[in-house]
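Spelled out from the first residue to the last, the chains are:
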Amino acid sequence: MVNGYAAESLQQALDILVNTDAVPYAGGTDLMVENRPDVKYLFLKKIPELRAITVDEQYVHIGAAVTFTEAIANPDVPKLMKEAITLIGSPAIRNAGTFGGNIGNGSDKADSVLIEFAADAKICLVSQAGERLVDVAHFYLGRKKLDLHPGELIKEILLPRYGLEQYTYQKVGGRKALAITFVSFAGVFQYFKCAMAGLRILRPHLGQPGTPSRDIRILKRCFL
Amino acid sequence: MPDISFVLNGKETSYAGSATERLLDVLHNSCCVAIGAVVGSCVVTLEGYRETERYAVMDKAFADVSAVQCGFCTPGMILAAEALLSKNPHPDETEIREGLSGNLCRCTGYNAIIRAVQKAAEEGNGLW
Ligand SMILES: Cc1cc2nc3c(=O)[nH]c(=O)nc-3n(C[C@H](O)[C@H](O)[C@H](O)COP(=O)(O)OP(=O)(O)OC[C@H]3O[C@@H](n4cnc5c(N)ncnc54)[C@H](O)[C@@H]3O)c2cc1C
Ligand code: FES
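Chain order of the listed sequences is F and D.
Here the first sequence stands for residues 1 to 224, where the numbers follow my numbering.
Here the second sequence stands for residues 1001 to 1128, where the numbers follow my numbering.
For the record, the hints were derived by calculation from the structure and aren't laboratory data.
Think of the CB as a built atom: it goes at the ideal place given N, C-alpha and C, for glycine as much as any other residue.
Check the hints yourself; a few may be wrong.
[Said to hold, decoys possible] Far from chain D by the CB rule (all over 10 Å, computed), these chain F residues: (1) Gln12; (2) Met32; (3) Ile53; (4) Glu57; (5) Pro91; (6) Ala92; (7) Cys124; (8) Pro160; (9) Tyr162.
[Unchecked claim] Below, simulated DSSO-like cross-link-like pairs (lysine-lysine); rule was C-alpha separation at most 27 Å, straight line: (10) F:Lys109 - F:Lys144; (11) F:Lys109 - F:Lys122; (12) D:Lys1119 - F:Lys79; (13) D:Lys1087 - F:Lys82; (14) F:Lys176 - F:Lys109; (15) F:Lys82 - D:Lys1119; (16) F:Lys82 - F:Lys40; (17) F:Lys144 - F:Lys122; (18) D:Lys1087 - F:Lys45; (19) F:Lys109 - F:Lys171; (20) F:Lys40 - F:Lys176; (21) D:Lys1119 - F:Lys46; (22) D:Lys1087 - F:Lys122; (23) F:Lys144 - F:Lys171; (24) F:Lys122 - F:Lys79; (25) F:Lys82 - F:Lys122; (26) F:Lys82 - F:Lys145; (27) F:Lys40 - F:Lys109.
[Claimed, not checked] Which stretches of chain F does chain D cover? Using the computed rule of at least three CB atoms under 8 Å from a CB of chain D, they are: (28) 59-65; (29) 99-109; (30) 136-150; (31) 175-184.
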């Protein structure tokens, strides 16, 4: 195998994860920029369990290795999420970049993660011990800090199927394409009250990537 | 596994877009792809694309409207245009701009490149 392990099932991937020090690799659009020396990757894109978008009564389940391009083309993905991910990078980046990688990178600029906050999404994590479901706010603890245990993979993002229809989303970047977010806002409105909103503030002009603990503020039920 | 040869190493962070390949019919930035991730995949780079009839049409269109100046961005522009036309053979201007977005050009001001893609779509009618 060239520079890593190609898992063909989730079980196989979890075995590799506990028995090696391989780094999960989905689209590579963050990892390849990091360019870690002598690393072995665990390639996730051929794992069917991570590649599907499914629905149940309450949630749209977006597999961690689903790309932004695939999600944009899927009728079940909420419009708010589509609006945000359509502005990610460029066509080539959206063809490769994934939901699991966007949150897995722990970046404070991850555009799909803001929507997950605004939507009160849940993250499904999987290890040999089984699955656990956590609220996104308990999983994403701050810049580069995730509640991801050793031997665990992000399996799915669960977005509520209903209640995200009325929203507002704004992303401000340095240009139209390939624009890393300076400031963005996502708000979800339900009936006559603002049920939840996520606001992220970055400080691009101060030469620092943002104040980690303040990057994502959740303004909950502000107009009850 | 097919031979893989990448166009250019591009910029390390892939913000230029010139290091581009088409992978499984979708456009990728080759500097963002680890070699192990494409085992078993069909990879088309500019070198392979140059052997095709579509490339000949694209090449002529770019030359006819002077869409190339220094040429640094051209490999990425050509492969992005190919990816676009293979999905949407008759794109309008907005679709062309969106399809090429992410490929930065410091010389042409973009309009000539847009015209080249329009011309390729017209002259290659039926090829895509
Ligand atoms: C030119 C360019 C422009 C960009 N523009 C934007 C933008 O506008 N907005 C934005 O939000 N991002 C942007 N990005 C960043 C990047 O594309 C996204 O963060 C993308 O979602 C990363 O996904 P990936 O699959 O490529 O991640 P990878 O690089 O494969 O992985 C990223 C991290 O997540 C981990 N990981 C991946 N999958 C899993 C999993 N299932 N379980 C556990 N850990 C996992 C990896 O180990 C790694 O640490 C850009 C990147 C580039 C190069
Ligand atoms: S022709 Fe010089 S960068 Fe485009």
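Q) What are the numbers of the hints the structure violates, in ascending order? A) 2, 5, 6, 12, 15, 16, 20, 21, 22, 28, 29 and 30
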